[in-house]
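Participant: Sequence:
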Amino acid sequence: QVQLVESGGGLVQAGGSLRLSCAASGSIGSINLMGWHRQAPGKQRELVADVTRIGFTNYADSVKGRFTISRDNAKNLVYLQMNSLKLEDTGVYYCRFASTSRDYWGQGTQVTVSS
1 QVQLVESGGG
11 LVQAGGSLRL
21 SCAASGSIGS
31 INLMGWHRQA
41 PGKQRELVAD
51 VTRIGFTNYA
61 DSVKGRFTIS
71 RDNAKNLVYL
81 QMNSLKLEDT
91 GVYYCRFAST
101 SRDYWGQGTQ
111 VTVSS
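In terms of my numbering, the sequence shown has 72 at position 72, counting the first letter as 1, and numbering is strictly consecutive.
Hints were generated in silico from the structure; no laboratory data involved. Just to be clear, a hint being listed does not mean it is correct.
[Stated by the list, open to error] DSS-like, lysine-lysine: derived pairs with alpha carbons at most 25 Å apart:
(1) Lys64 with Lys86
(2) Lys43 with Lys86
(3) Lys64 with Lys43
Assemble the whole structure, with the sequences as input and the hints as a guide.
Facilitator: Structure follows, in structure tokens:
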């Protein structure tokens, strides 16, 4: 059974940095799209960033210039480097792997930015 496991979340002061990682266990096959989504309290889940297999990236306007997504295809890993964190970046961050046949989601990791 395939599982995605996120790590790297935590509590950080505004202006600080965190690096999230997401790894897949089990036989997951070829993943076209890897991404990160987040959900703040009382809000809908939103896309933060995603990256295609050949490296094309897409970012939410709110994180452009501050966050960087990257992936390791050989290891089925995706990372999210988050710099200059703001209070509004607080939320649960979920990784998503999309193949041609289905989506896989992680269980989420909490990111809390304090003033």
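Participant: Taken at face value, is the distance from the CA of Lys86 to the CA of Lys43 at most 25 Å?
Facilitator: OK: Lys43 and Lys86 at ~17 Å, within 25 Å.
Participant: Are the Cα atoms of Lys64 and Lys43 separated by 25 Å or less?
Facilitator: holds (20 Å)
Participant: Need the status of pair Lys64, Lys86: alpha-carbon distance at most 25 Å?
Facilitator: With a Cα-Cα distance of about 13 Å, the restraint between Lys64 and Lys86 holds, given a limit of 25 Å.
In summary, the structure agrees with every hint in the numbered list given earlier.
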